[in-house]
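Spelled out from the first residue to the last, the chains are:
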Amino acid sequence: MVVAFALLAAWELVTAAGVVAFRRPIYNALSLVANMLGLAILFLILNAQFLFAAQIIVYAGAVMVLFVFIIALLNPGLDLTLRRGSTEWIYGIVFGVVFAGLFGALLYNRGLSGRTGADTPEAISAIGSVQSIGVALYTKFLFPVEVTSILLLVAAVGAVYLAMRKAE
Amino acid sequence: MSIPAYSFLLLSGAIFTLGAVGFLIRRNPLVVFMCIELMLNAVNLAFAAMSRYLNSLDGVVFAFLVITVAAAEVVVGIAIIVQVYRAGREMDVDELDLMKN
Amino acid sequence: MLLAPLAGFLINALVGRNLPRRIVGWIGAGSIGLAFIFALAILTQVVGGHHLDQSYFTWWSSGQFFVPFNLYVDPLSTLMILVITGVGFLIHVYSIGYMAEDPGFGRFFAYMNLFVFSMLLLVLSGNLVWLIVGWAGVGLCSYLLIGFWYDRPAAVLAARKAFVMNVIGDVGLVFAAFLVFLNLNVLDYNAIFSRVHSLPKGGTIITAICLLLLVGAVAKSAQLPLHTWLPDAMEGPTPVSALIHAATMVTAGVYLVARMHILYDWAPVAAATVAVIGGVTALYAATIGTVQVDIKRVLAYSTMSQIGYMFLAVGIGAYAAGMFHFMTHAFFKALLFMAAGNVIHAFHDDQDIRHMGRLRAGLPVTFWTFLIGTLSISGFPLLAGFFSKDEIIRAALSVSGGEFILGLVALVTAGLTAFYMFRLFIIAFGWEWMADDPRHLHEAIPIQTIPIVILAAGASLGGYVPVANFLAPVFGHGVDIGTGAFLGLAALTLLAAAIGFAVAYLLYARRPELAAVWRARLGPVHTLVERKYYVDELYDRVFVRPGFALGRFFSHVLEPRVIDGAVDGVASFFLLESREWRLIQTGRVRSYGLWTLGGAIGIVVIVAAYLGYLPFRLG
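Protein chains in written order, with my numbering: chain A, 1 to 168; chain B, 169 to 269; chain C, 270 to 888.
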């Protein structure tokens, strides 16, 4: 199990770097897809089965497809270089260092104990199974679900409206 | 689960950092968007991990909602970007400063 | 019972324009009639000894300030409501005829109903708050009705004057309520009455309260010094004068003092002030009444004078006598006004009595009823006015101390009353028993005469109503002085009245030339009185003109420079500030992202520091 995790962790980091680093947007998108798939497997390790499925279906399956479509459509194969004539990459370095330092400090100083949860099969399967999540969504989290659905509606309407406008 | 919790969190943090850096650095709006998605994903990972280790459903549910909202956001964001493209402007976040002041 | 006139008002106000004349009038009058029937029912209950102090709902409750909507029914308020609804009903019926040709017919009845409603509310209220509400309501209606013919500038000015003076009184009343609440923590009657004795007798607080209440009463009842609005209020239609300015609203002040008698008993200085004001006003008004030439003005000053009597009575503690006089006065004054209204109509709105005379043939009913009213008010034996006025004079003279002087004042005023009333009668109606009349004046229609006749009966017989006994549960029994003294005093009063009558008869009926001679001799005095002692002019100088000047100052100097300047200053401050902050909005995603991430880092750092994850701690 640890091995699996280590491999996946490496995969994640590499693909993430890929998202950031590639010059051609299409490569970026594909890296992101790979990243998401890795993430889905990680969810599976964590026994969040519903999330695993949702990630693949919604995120990797729909959102990323949209991304790839748009990239293909807009054809920005004309490469835009990473950073050009601007000093903003300094920000990147700075933030990167800061973040890294932050996380490191957080973890090393107090050290989140490697606390493991309940290991019984029942407990494990209780969290993250589709059934339990379904129940939760319709009872405890009913309100957020409703609100989110309205949000989706709004987004859909907005997108349609934007698409219908004449280009200025 | 013999994998300690902090390793998940560490991983999540690392991905998030990469996403943040990418967000600040890149110029193509689409790529910037993708970095945002990356950050969201990282956070989802953290949620799922804590949900597992604290025996609570809340994290997973929240992650699910995050996915939903991210989907909606992507839709609208892409629509805007497409409009920008159609208007013939440069696909460069530094140039798109119409909302200035 | 309250709801009937309220309903009448609402109906007439909202749909009155669409209904035919007759219905509107009868709704207006009918609602009051209905109220009268209820009042009779209440009477039967109260006579049997039932009182009522009932809360209907809690209107306002915050902290210690607790105000329910409660009604208080006892002999005093029952007497008031009987008079208000009974006489009011008759006046309403009269108005159906009187206002028949007026385009504002519906509006008139709407206002009148609203007035009755407010007055009833005032009288029936069980706590100070609703009293004030009713008080303000009648003030409002007075304004509306005085200025009913709003295209007449004189009327509008009069209405405004009335309202302003009224408001001054309202301020006094409200401040009194404040003081009561501050010191006694309650506002409803029962509680107030039981707690009053906790204040020092005759002390500053209780005296202040009573004096402030007096301010309100003086304004509403047109006593000195807040009296100048009443004569001008005659610009309104005659039924208005009859109802509001003779029988009911102006007596609200008397009611107030009577209702608060427990407080006044406890503050002798204030009570004495009441009596003095009453007496002085009575005399003052009577003198002015002797030289007026407008029929309604004479009656107005007469009202002022008679109310002065009532104030005198309640001031010296003869509450029952004061209320008795209120009742009889309502009868004969309303009667007098309405009869005068008939006369005015007959002369096509001319109110100058010098143009009148010799009315016996043309308006017989009016003639005789007016005569009865005049006799009653002068204190003719066995008519109502005799009894009630006598009570007051008797009470005044029989009490020891300074009140004796007031008693003398009352006597003199009685004589003057007889004098000016008969003067009015003789000049306006004519003493000659002429059967013929070249001017072809016609009597008013029955709907206007029947109510007057009814009131005449009341003016005659009202004296026999045992009002004092009826009010005993509220005021206690009066002082008994024995028959001998009683007869002696009655004789004195009679004498005064007889003298007044004789002089009037002499001057105006037999030898009119003498009147002219006397006028010349008393030249300057006559002018002084005719000008109402120049009070109006005084007020104008002292209050009105400075008021206008102040208003001008505010609008031309203060407003543009100071207030607008401050407002603009604030606005420009914000403008400058925002100009700088706007620079954050660069419009670029990247800088936004920077800010966001920076903020996020900040939050994480702070939280972590609190939780102890960092080398340094914060919380």
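What the hints contain is simulated information worked out from the structure, not anything from laboratory work.
Each residue gets a CB set at the ideal place from its N, CA and C atoms; glycine is no exception.
Check before you lean on any hint, since a few could be wrong.
[Said to hold, decoys possible] Distance ranges between label pairs, derived from CB positions: (1) C/871 with A/26: 29 to 39 angstroms; (2) A/162 with C/869: 51 to 61 angstroms; (3) A/61 with C/861: 53 to 63 angstroms; (4) C/402 with A/145: 44 to 54 angstroms; (5) C/433 with A/143: 58 to 68 angstroms; (6) C/861 with B/254: 20 to 30 angstroms; (7) A/164 with C/867: 30 to 40 angstroms; (8) A/143 with C/454: 21 to 31 angstroms; (9) A/145 with C/409: 26 to 36 angstroms.
[Unchecked claim] Away from chain A, derived, C-beta distances all over 10 angstroms, residues of chain C: (10) 343; (11) 459; (12) 552; (13) 866; (14) 870; (15) 873; (16) 877.
- When the hints from earlier in the document are held up against this structure, which numbers fail? 2, 3, 8, 9, 13, 14, 15, 16
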